[in-house]
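No gaps in the numbering here: position 93 of the sequence shown is 93 in full-length UniProt numbering, and each next residue is one more.
Some hints here could point you the wrong way.
[Stated by the list, open to error] In the EDC-like style, the derived pairs of lysine to aspartate or glutamate whose C-alpha atoms are separated by at most 16 Å in a straight line are:
hint: 1; residue 1: Lys62; residue 2: Asp4
hint: 2; residue 1: Lys132; residue 2: Glu120
hint: 3; residue 1: Lys62; residue 2: Glu120
hint: 4; residue 1: Lys53; residue 2: Asp38
hint: 5; residue 1: Lys62; residue 2: Asp76
hint: 6; residue 1: Lys132; residue 2: Glu149
hint: 7; residue 1: Lys144; residue 2: Glu105
hint: 8; residue 1: Lys53; residue 2: Asp37
hint: 9; residue 1: Lys53; residue 2: Glu66
hint: 10; residue 1: Lys144; residue 2: Glu179
Please keep in mind that the hints were generated in silico from the structure rather than gathered at the bench.
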Amino acid sequence: MADDLIFYTNPMSRGQIVRWMLEEVGAPYQTQILGYDDSMKGADYLAINPMGKVPAIVHRGKVVTECAAICAYLADAFPDAGLAPPLEARADYYRWLFFAAGPLETAVTNTHAGWVPSAEQQRMVGYGSFEKALDALETAVAGKAFVAEGRFSAADVYVGSQLDWGLQFGTIPTRPAFEAYVAPLRERSGYRRAKEIDNGLIAELQAASPA
């Protein structure tokens, strides 16, 4: 039932990552669109996510926030979708899923914001330097269709989303290994369905906004 799984999002947000994951899972879900300046900061949603940010899901009354956590949770909650490797084969799955959610995203965000750690600060920050984070990411995807166990998984949804977004908007520089990894992910039916839904919602929001 769609009421068992509620997805809180804004189409112009990291919610696009979770939308893709939901489309790969294939289970029915209900979407709640929130506005940045109103409902996202309202008491009802703050009771779900005190950060006042999207995305979030509520599955059978349980709240999950943070994109990587949501992807990992959905892979386990819906095992028939085959989006997580067997427990004994999850080393690369967890490694790269959480590398992309932690060091990589922080490196990209800080660099885009104009903050570059000094040589001394690189010892303190979790990603070292932007280039080191990109080099590590390249080892995860170079020559591979998928980052874990030779099969598509929730880790590819998250890593693929980070690269897809970064390459599109220029926050991650183009490398042949990155382009080769992302290109077939963009052809997946789940990815295409998710983009069609969110692009349609973006168009609706833009049409409804004052000129």
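Mind listing which of the numbered hints don't hold for this structure, in increasing order? 3, 6 and 7
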